[in-house]
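S.K.: Sequence:
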Amino acid sequence: MTTPTLDGPLFGAPAPTHGAPERSFVRRVWRGRPEDPRWARPAFLGALLVIGALYAWNLTASGYANSFYSAAVQAGSQSWKAFFFGSLDAGNAITVDKPPAALWPMALSVRLLGLNSFAILFPQVLMAVVTAGVLYASVRRHFAAPAGLLTVAVFALTPVAALMFRFNNPDAALALLMATAVYCTQRALAKAGTKWLLLAGTAVGLAFLVKTLQAFLILPVLALVHVVLAPAPLRKRIGQVLLAGLAMIVAGGWWVAVVELWPASARPYIGGSQNNSFLELTFGYNGLGRINGEETGSVGGGQGGGWGETGWDRMFGSNIGGQISWLIPAALILLAAALLATRKAPRTDGTRAAFLLWGGSLLITMVIFSFMRGIFHEYYTVALAPYVAPLVGMGAALLWRERGRAWAPPALAAAMTATAAWGYVLLDRASGYHPWLKWAVLVGGLAAALGLLFANRLGRRLALGVVALSCATGLAGPAAYSLTTLGEGHTGSIVTAGPAVAGGGMGGGRPGGGGGGFPDGGPNRQGQQGQQPGGQDGGTGRPPSGGFPGQNGQNGQNGQQGQQGQQGQQGQNGRPGGQNQTPGGRPGEGGGMGGGVGGLLNGAAVSDEARELLEANAGEYTWAAAAIGSQNAASYQLATGEPVMAIGGFNGTDPSPTLARFQQYVADGRVHYFIASGDGGTGGGMGGADGTSAQISAWVEENFTKVTAGSATFYDLTRPRG
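-9 is the number of the first residue of the sequence shown in the working numbering; add one for each residue after it.
None of the hints are false.
Straight-line alpha carbon distances no greater than 27 Å define the calculated BS3-like cross-link-like pairs of lysine-lysine that follow:
#1 K226 x K185
#2 K226 x K181
#3 K181 x K334
#4 K334 x K226
It should be emphasised that the hints constitute simulated quantities derived from the structure, not laboratory data.
Just so we're clear, the structure is a prediction, and the values are computed from it rather than from any experiment.
Model the full structure from these sequences, guided by the hints.
M.R.: Put into structure tokens, the structure is as follows:
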């Protein structure tokens, strides 16, 4: 029986373009390739529009999202010096614990649109659209438009992507740049083009300025694939890789050089470091410390391990599985089948090279994520989303094209069976979450797998039905999780996509770094029952596991599970264009002040009385106030629009400022108030009894007058005790 065709080479290879007439730019944008069906390019542009609209919907429900980064964005919109260094405040006391490139688009947006939730978060939505476009373009180089559209759908409906491309952590920008680097390397492989490889190196260098050494995870894959497979003499291939490395160093190193050469006394302290050095931050706290668990300066760091379970199955565990792993089994099966199918292809075969690039990037990143002993959180897995999607799109296309060969239908059926079975497991973990859905995924997926097994014997209409059923059941689970995610607000340092799951904890690690948290059984484990302790204002609990977009949560004292915390209430701070996100969200997403840790996971809700107190005569001071820990300081800064110094950085453990320097600031009249911790006293934050934060707290408490505003306690640094 002849193998049927579906509207030409559905999921097949694109037709050659030799001899195609030149067309205007507008026509090329709208019509696409001359050999494409008329629907292909409009469908692609429509998909991008849908992603943009879907991700922008309900965007402001997250308020300021992670106030740690929002405060830095605000500072960058007020001060170009703060913009350049990534300072947490316009007074330039200390930076965030990452390079600033991810902050720059948001800060420019706020300069243009004013300080508000939409201006901060919308750049990430645009990044999602661009990432989808990059992935489509990559797949379309070797396969027809449907394969590219499937790739876009898989990416956009990955729950952790729906979360992080609407959030202000740096991970969205990193994912975009990593996808761009792979795409540019793929383009370079086509004709051994030096220009495209230089662009790939530039993308990696810019990614370094987003999240330091994580940008280098896929470097071995990109370099090795080009050296082995590019259609050029070996000497040229090696030379091109070296030139790309130079481009990477220039793109990422210029900022590092400026920071390291800038006099330390004339720039902000490098947050997250212990010696005010960005290089120390890069290779220590944000580098090897993430691998071996020895993050000097983080809370509980320096002990090695203890940051959550590691192992080959980490990406599939209770905490992480529902974020990213829905289609990983299928991607791995399709990758193996594709490499088998192309094993006899010429060395320079572009299709095999594409699978090696995307597949190698997925595997090396998964392995490092699975076994790293340092700080790790569920949302880090968004880095995998741009690698999984092309493998699914290209793999499905290649095997469908080869379905006349005996091994291809079983491979397709195996990928579909794995997807259906694993989707059932993931959905079953979310007790009460649309119970019918897991059965629909399982039964529909197995039926689709049976149809794929006999794909080369089906008629055209039946084959179309099998393809449609496969796509629908394969994407149903992640789509449901993504819609739930889009309907909720997410705030704080630790955020997760989808509903609550059985055995799910609060994140993959102890508190630390702009994304610190607690492991299962850690200090805030009771938050799973909606009892997360608060600082100055109580936190709230986890939302119910059932339902798509649900009820707005209330700001509560004990966060009764299910009814509170799904979406934190937003309060206006009285300043034009500003908002102050009051505690809300799931446990581990920063409700309240993050437990008794000085606002580690998120800051406090700022009352009108406290805001008015800090705003009074604020223009006469460099900092309207100082507070232990960045999240606590960020809440007051965002509420007032005035710079607030974060003593000790994110964790309160950075030795900045020293007691002597803080005393000099006070003597010079540069700081007005000191914000006490939630228990009404100054406390030491997370800096320890002998740390800089504790020393400053003790000195303030001993020497200055205590005042209250609402439920918050302050010390007036202009009024010594009588």
